[in-house]
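Fit chain B to the supplied structure of chain A, relying on the hints for placement.
Keeping their order, the protein sequence lines are chains A and B.
Numbering-wise (the working numbering), the first sequence opens with residue 1 and increments by one.
Numbering-wise (the working numbering), the second sequence opens with residue 482 and increments by one.
The reader is advised that the hints may include incorrect statements.
Covered, in the sense of this in silico footprint (three residues per stretch, anywhere, with C-beta under 8 angstroms from a C-beta of chain B), are these stretches of chain A [unchecked claim]:
#1 34-41
#2 45-52
#3 391-401
#4 419-428
So these bits of chain B aren't anywhere near chain A, every CB distance computed over 12 angstroms [said to hold, decoys possible]:
#5 P488
#6 A489
#7 G498
#8 P583
#9 P599
#10 G624
#11 D681
#12 L720
#13 E762
#14 P764
#15 E782
#16 T802
#17 L808
#18 A813
#19 L830
#20 L858
From chain B, some residues computed to sit far from chain A (all C-beta separations above 12 angstroms) [to be verified]:
#21 G501
#22 W725
#23 Q799
Calculated from the structure, these hints are not laboratory results.
We treat Cβ as the ideally placed atom computed from N, Cα and C, and that holds for glycine.
Listed below, chain by chain, are the residues.
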Amino acid sequence: MRELTDLALDIARGAGASFADLRIVEQQHSQVMVQRRSVKAIDRSSSLGYAVRALVDGAWGLASSTDLSRDGVARTAHQALATARASARVPKAEPARMAPSEAVVETRVGPCAEDPFALSEGQKAELLLEATDRMLATPGVVNAMGWLAFTRLHRIIANTDGSYLDLSNTFSEPWLSCTAVVDGESQSRQYQRGGRQAGWEWVREIDLVGQARQWAEEAVMKCKAEALPAGRYDLVLDPMHLSLTMHESVGHPTELDRILGWEANFAGTSFIRPEDVGRLRYGSEAVNFTVDNTLPYGLGSWFFDDDGVRMQRFPMIEGGVLVGLGCTRETAQLVGWPASNGCCRADGFDRFPINRIPNLYMEPGPDATSPEDLIAGIERGVYIEGQGSFSIDQQRRNFQFGGDLFWLIEGGQKTRPLKKVTYQAQTTEFWGSCDGVAGKAWWAAHGTPNCGKGEPSQRMRMTHGASHARFRGIQVGDGSA
Amino acid sequence: MREGIRPAEEVRTLLEGLLGRLTASEAQVTWRQSEGLATRFGENAITQNIGGASQEVAVDVWLGRRHGQASTNRLDPESLAETLARAEAIAAESPEDPEQVPLPGPQTYGERPQRFFPATAALEPGQVADDVARVVDAAKAAGYRASGLFEAGARAEAVANSRGLFGWQAETHADYSTTVHGPAGSGKAAASQSCRSRLDPAELARRAVENARLAQDPIAVEPGDYTVIFEPLATRGMLGFMGWVMAAREADEGSSVFSGRLGEAFLDPRVTLAMRTDDPELPAPLFGDAGLAIEPRSWIEAGVVRRLFHDRYWAAEQGTTPDAARLPLFMAGEDRSVEDLVAGCRRGLLVKNLWYIRFVDRKSLTLTGMTRDGVFLVEDGRITRPVKNLRWNESPITFLQNVVALSRAERSGGWGAMKLPGVLSEGFTFTSSTDSI
Chain A
1 MRELTDLALD
11 IARGAGASFA
21 DLRIVEQQHS
31 QVMVQRRSVK
41 AIDRSSSLGY
51 AVRALVDGAW
61 GLASSTDLSR
71 DGVARTAHQA
81 LATARASARV
91 PKAEPARMAP
101 SEAVVETRVG
111 PCAEDPFALS
121 EGQKAELLLE
131 ATDRMLATPG
141 VVNAMGWLAF
151 TRLHRIIANT
161 DGSYLDLSNT
171 FSEPWLSCTA
181 VVDGESQSRQ
191 YQRGGRQAGW
201 EWVREIDLVG
211 QARQWAEEAV
221 MKCKAEALPA
231 GRYDLVLDPM
241 HLSLTMHESV
251 GHPTELDRIL
261 GWEANFAGTS
271 FIRPEDVGRL
281 RYGSEAVNFT
291 VDNTLPYGLG
301 SWFFDDDGVR
311 MQRFPMIEGG
321 VLVGLGCTRE
331 TAQLVGWPAS
341 NGCCRADGFD
351 RFPINRIPNL
361 YMEPGPDATS
371 PEDLIAGIER
381 GVYIEGQGSF
391 SIDQQRRNFQ
401 FGGDLFWLIE
411 GGQKTRPLKK
421 VTYQAQTTEF
431 WGSCDGVAGK
441 AWWAAHGTPN
451 CGKGEPSQRM
461 RMTHGASHAR
471 FRGIQVGDGS
481 A
Chain B
482 MREGIRPAEE
492 VRTLLEGLLG
502 RLTASEAQVT
512 WRQSEGLATR
522 FGENAITQNI
532 GGASQEVAVD
542 VWLGRRHGQA
552 STNRLDPESL
562 AETLARAEAI
572 AAESPEDPEQ
582 VPLPGPQTYG
592 ERPQRFFPAT
602 AALEPGQVAD
612 DVARVVDAAK
622 AAGYRASGLF
632 EAGARAEAVA
642 NSRGLFGWQA
652 ETHADYSTTV
662 HGPAGSGKAA
672 ASQSCRSRLD
682 PAELARRAVE
692 NARLAQDPIA
702 VEPGDYTVIF
712 EPLATRGMLG
722 FMGWVMAARE
732 ADEGSSVFSG
742 RLGEAFLDPR
752 VTLAMRTDDP
762 ELPAPLFGDA
772 GLAIEPRSWI
782 EAGVVRRLFH
792 DRYWAAEQGT
802 TPDAARLPLF
812 MAGEDRSVED
822 LVAGCRRGLL
832 VKNLWYIRFV
842 DRKSLTLTGM
852 TRDGVFLVED
862 GRITRPVKNL
872 RWNESPITFL
882 QNVVALSRAE
892 RSGGWGAMKL
902 PGVLSEGFTF
912 TSSTDSI
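Only chain A is shown next, with the shape it has when bound in the complex (with noise of 0.2 angstroms):
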C-alpha cells in the first residue's frame, strides 16, 4: 500500500496542498439478526475503499474510491484537489489549518481474544434464538429480539506529515430485547451493557441465555406496576442508564466542533463557549469526568484518530468545573491549543473525518459507598436501571430521560416496580443535583455502538462508564404516558 499512499500525497504536495491524506478502510462484518423464531439477517459483508482528504489554500476536499489501482488513485487525489478549490468559493473567516502532530510509523492490533469470525452465522443464530426462545416461553411476552454483529476495522491512514498508520480493531456488539403484553398494557425489557471492543468472550460474558428469562419476567412486571405521579423526586441512576445521560448531556456538548458552530444545520452547536474551559460550573463537586481513549476494551480507543493523532486520557470535568473539550487538529488551533487531543474519527472510507464524541466516563466517588448507601439517604425517589427513551435540545441544555426499569424508593428502600417514569431537567442543574457517587467497586462501562452525527450521517462508537449516581428534586413524570 505504501506505493499508493505516496502516489496520492506527492499528487496532493506537488498542487500545493498544505496537509494532505490517504485513509484505506477494510471493514469485515457479520450480523444475525432473529425475531421471535425467526432470522431475520443473518449475513457478512466486506467493504475496502478509501479517501484522500486535501487542504488546498485553506479549503477542504475529500474524494473517495474502491479503485486501489494507480490510475484509480491519482485520480482520486485530483479529485480531492479539485473539490477543495471548490470549498475556497466559500472560504472560511480564516483559511483551515491543522494543528501540529508528531510523525509516527506504527502498526497496532486491538484486543480480540476469541475471533468472532472464526464462528459460523448458524452457531450465533442458535445462540440468538435460545435466548428468545427462553424469552417467549415467559406468559404475556409477545415478542423477542436478537442480534449479534461483529465488525473488524482495518484502517491504513498515511499523511504528509510522514505518519504511517495500520490499525485494526475488532467490535462486538449484542442486542436483545423483549415485549410483553398485559390487560391490554406493553411493555418492554433489554439487555443495556452495550458493545466492547473484543472478540466472542464478550458474548460469552454477558450471557444473554441465562438471562434472558429473567429479562422477560421483568417485562411481565412492568405491564403490570403502577405509573407514577408527577412531581420532583430524588433520583438514584444505575451505571447503565448514566451512560446515555452523560452521552447526551455531557459528550455532545463538549465537541468543539458543535461549540464553533460546524454542526448547526443538523447535530446542533452548544450552550458551552470556548471560553467557559476551567470557568464552567458543569455539576456538583461531585462530578468528575474522564476521557479515555486509551480504555481497555473502550469502542473509542482506535489507537490514532482519522487525523493522525495518538489517542489520550485526559480530564473534561474536574469537581464539577469544565476543564477539557473533545477536538480535533483543524478546530484545536481556532481555540488557540497547540494540538488535538485525538477526538476526529469517521465511519467510513467516505466519509469525512468529524469531532466524535471519546470513550467519556463519571468517576467514581471517593469511597466506598453502596448504591444500597444512595438509596438509604433518600424518603421518596426513584431507582432507574438501564437505557429507555432519551431526547434533548439541540444546544443540549433541556433534557428528558426515561430508563429501563423503575423502583420506588421509599424510606430508604426500593420497595415496589413503576413504568412509564421519565425526568425532565437542564444539564447544569441536574449535574449540580448530584450529591453522591457510588465508590469504585460498583463502577461499570457501557459500549455505545450507534452515536448519529454529522451530514451526510454518520454512525460512531464509543464507551461509558459510571458508578451510581444520587440526584436531588429532579422533575418526574410530565413525559408519561
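Structure of chain B alone, referenced to chain A:
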C-alpha cells in the same frame, strides 16, 4: 470516482450470471450503485466537501428454509466468487427459518414520473459551491450565519432472483437544507427534488433568512396545552414515527396503538394517509422488498384505519397481498396556505420544525421532542412574537384526532421523503422550555 450509472441490461447480465453460478434452490442477487457530492457549510463557509462513488452486490441464498447472505463492494471476479461461496456456506449452517416465504416471481412495474435527470447526476463540486455561496451571501448580508448541507447525486439498484424476477431502477436527487442563525434565533429552509434545476437556492436563502429574522428575541411562554399550527416540516417530524408503527403484525399481537383499530374511525375525518405512485414532485420507487412492485396503498381514509403494513410473511399468514414499502407517505391537505391556518387561529403556537423525537411509550405512541428553528405566538390570526423553544410530550394519534384544519401538502425531505400538509390541531402538550436556539 464517478463513472455514471450502469444501464439495466449490463446489470442484468451481471446479476443473472451470478445467479447461474449458485446451486441453491432459491436465490436473489441485489446490486446498488451510488455517486454523489455532499457539501457542508457552517459559520458562512464550506467546512467539508466530499464526493465519491460505490457499488455493492449482495447475494441471498436459501437452502430449503435455511438462509444466508453475503455482500461486497468489490466487484472483481474473485471477490464476487468469494461472496457467492460465502452466502451458500452461511445458508448451509443457518437454522431453519419458520417464517421463510418463497421469493416473488416476475413483477410488472408501473409507470412513474421522471426520476432520473442526467444533469443532476453530473453536477460538479463547483456548481454546488456556487449554490452554497448564494445562501451564505444572503446570510452575511443580513448579519447572520448560515450552515447547511447541499447534497446531490444519482443512485440505482437492481434485483434478480431464481424465479425470474428482474428489476432495475435509478433516480437522481438534490437535497438542499440550510439553517440561518442570528444572535437570538434561527430559521431553517429545506428543499428536495429529483432534479437540481427545480431547486432555487436564492429562494431557499430568502426563506431561511426571513425565518431567522422573525425568530429573534423570543419570549418565554408557560408550558401547557396549546392550539398549534405545524408547518409541513414539523408535521413530518410528528408523523415520521407513524410509518414505523403501522405494522399489521404488531397490531395483531396487541403491542401497537393500532391494535383493534382496523375499520375504526380513529383519526379526524380530514386525515387521509396513503402511498401514492403518481406524484411528479415525489415519485415512488418502482419496487421495494425483494423486488415487489410498489403499488398505491390507502392506509387511513377519512380518519378510518383501512390497512396496516403487511410484510411478505404476515401477508401469507393473513391471506392478503404483501406491501412492498411503507414510504413515501402522503397525507392529503386542504386548499389553503399555512398563512391561512394562522389567520384562522385565535390563540396558539406556530411551529416550524421539530427535533430529537423519541418514543416515550410505544403502546400509546407517545413521543417526546423539542421545537426548533422558530416557534411563534399567534393571537387573533396574526403572528405576534417569537417564542422560546419548548419540549413536548404528545402522540401523533392525538395530534391527528384534534385536527381543525389543514393546508396544502408539500414535499418534505430527501431519503424517506413525505408529502404532508401544515396542520392546525388543538390541545398539543408542551411540558417545559429551553433557552437553546
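Given as non-interface: P764 of chain B, partner chain A, CB spacing beyond 12 angstroms: holds (22 angstroms)
Closest CB-CB distance from E762 of chain B to chain A, is it above 12 angstroms? holds (23 angstroms)
Since G624 of chain B was said not to touch the interface, does its Cβ keep a gap of more than 12 angstroms from each Cβ of chain A? G624 of chain B clear of chain A: closest Cβ-Cβ about 14 angstroms, beyond 12 angstroms.
Could you check that no beta carbon of chain A comes within 12 angstroms of the beta carbon of P583 of chain B? Holds, since 15 angstroms exceeds 12 angstroms.
Minimum C-beta separation from P599 of chain B to chain A exceeding 12 angstroms: can you confirm that? Check passes; 20 angstroms lies beyond 12 angstroms.
Decide, holds or violated, for the assertion that all CB atoms of chain A are farther than 12 angstroms from the CB of Q799 of chain B. holds (16 angstroms)
Regarding the assertion that L808 of chain B does not contact chain A, is the least Cβ-Cβ distance greater than 12 angstroms? holds (17 angstroms)
Since L830 of chain B was said not to touch the interface, does its Cβ keep a gap of more than 12 angstroms from each Cβ of chain A? About 16 angstroms separates L830 of chain B from the closest Cβ of chain A, which puts it past 12 angstroms; holds.
Outside-interface status for G498 of chain B - nearest CB in chain A farther than 12 angstroms: holds (20 angstroms)
Consistency of the no-contact label for A489 of chain B, given chain A and a CB cut of 12 angstroms: Per Cβ check, A489 of chain B is outside 12 angstroms of chain A; nearest 22 angstroms; holds.
Count the residues of the region 34-41 of chain A whose Cβ falls closer than 8 angstroms to any Cβ of chain B, and tell me whether that reaches three. holds (count 5)
Report holds if the minimum CB distance from T802 of chain B to chain A is greater than 12 angstroms, and violated otherwise. Non-interface label on T802 of chain B holds, nearest chain A Cβ at 20 angstroms vs cutoff 12 angstroms.
Checked against the numbered hints above, the structure violates none of them.
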